[in-house]
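Undergrad: Sequence:
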Amino acid sequence: MGKQKLIGIDIGGTKIHIGVVQNERILDEIRLETSAHAPKEQILAELATHIGKLMDEDVAGIGIGVPGLVDEPNGIVLNVQNIPSWKEVHLKQYLESALEKPVYVTNDANSFVLGEKIYGKAKKFRNVVGITLGTGFGAGIILNDNLYTGTLSSAGEFGGVPYLDQTIEDYCSGKFFSKNFGIPGHKMQVLARNGDSAALEAFAQFGTHLGNAIKIILYALSPEAILLGGSASSGYLYYKEAMQASIQQFPFKAITDRLVVEPSAMKNVAILGAAALCHMRQKNRSELQNV
-6 MGKQKLIGID
4 IGGTKIHIGV
14 VQNERILDEI
24 RLETSAHAPK
34 EQILAELATH
44 IGKLMDEDVA
54 GIGIGVPGLV
64 DEPNGIVLNV
74 QNIPSWKEVH
84 LKQYLESALE
94 KPVYVTNDAN
104 SFVLGEKIYG
114 KAKKFRNVVG
124 ITLGTGFGAG
134 IILNDNLYTG
144 TLSSAGEFGG
154 VPYLDQTIED
164 YCSGKFFSKN
174 FGIPGHKMQV
184 LARNGDSAAL
194 EAFAQFGTHL
204 GNAIKIILYA
214 LSPEAILLGG
224 SASSGYLYYK
234 EAMQASIQQF
244 PFKAITDRLV
254 VEPSAMKNVA
264 ILGAAALCHM
274 RQKNRSELQN
284 V
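Residue 267 in this note's numbering is what sits at position 274 of the sequence shown, and the numbering runs on without skipping anything.
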């Protein structure tokens, strides 16, 4: 992205992370708790205030990833997870008016896969899916080197696909551990690290379910690579074997032989991806104007 200075923002239901990105580095950053149950106007005002602390005349634009549906052309955010008041928020319009900089908004899983594509392990692949494994299950999609977001930035919402008696998200996110074992995923990782047999079995079950979810993605998109992010990706060592065994049951061996599945190795990938979104949208707009 050259020497351009951009602001990337990752908005979550509990935390907001804002960073100034230049030359693939985060120069300055702010982390704050989300006022999740406040009126939407208060959350917007707080967000603008904190972005303003990092703003200077060299900032070319602002990119934002949010956990919800997004009308990308208009920058309208719909039904953000864990922020009840954000049912319809004209985020782009509000921030552009407050900060006088162009603003671009997408789903947070799209920010993740875009960050990997521009900066991380996905650089060498034309077709990539980035899966976020946290409190939920989301996916961002790169097709032929371009981010594909679909209607309302909802492409890749495989977590809602019916699976067994519930959905993929119930079996392939942190919900699996808390619902079935009464233990949060991060605590289950501690037990597994200490060799607890029940914890290791729980992760083996998780890996089998995740492998099944990946097979659904292979049927739909057949990517060259799948990268795993989110809090549950840090337990990769404990579910890798079962996940791979499940994937190998896919009927087209020529595809699985070529498939790369790895956890993300990037820190702050959501911030970098949000900044990359800003750069990409500005570049696309410039190319269209020159046609």
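There may be inaccurate statements among the hints.
[Stated by the list, open to error] Label pairs and their computed distance ranges (CB to CB):
hint: 1; residue 1: K(-4); residue 2: E34; range: 28 to 38 Å
hint: 2; residue 1: A91; residue 2: Q(-3); range: 16 to 26 Å
hint: 3; residue 1: E39; residue 2: S171; range: 45 to 55 Å
hint: 4; residue 1: Q(-3); residue 2: N120; range: 25 to 35 Å
hint: 5; residue 1: D51; residue 2: V183; range: 41 to 51 Å
Since the hints were derived computationally from the structure, they do not count as laboratory data. Glycine included, each C-beta is placed from N, C-alpha and C at the ideal position.
Undergrad: For each hint, tell me whether it holds in the structure or not.
TA: Hints and how they fare:
Range check, K(-4) to E34: Cβ separation about 36 Å, and the 28 to 38 Å hint holds. Between A91 and Q(-3), the C-beta spacing of about 21 Å keeps the proposed range 16 to 26 Å intact. Distance hint check: the CB atoms of E39 and S171 are about 29 Å apart, inconsistent with the given range 45 to 55 Å. A beta carbon spacing of about 27 Å between Q(-3) and N120 agrees with the range 25 to 35 Å that was offered as a hint.
Checked against the hint of 41 to 51 Å, the pair D51 and V183 passes, with Cβ atoms roughly 44 Å apart.
The earlier numbered hint that this structure contradicts is number 3, and it is the only one.
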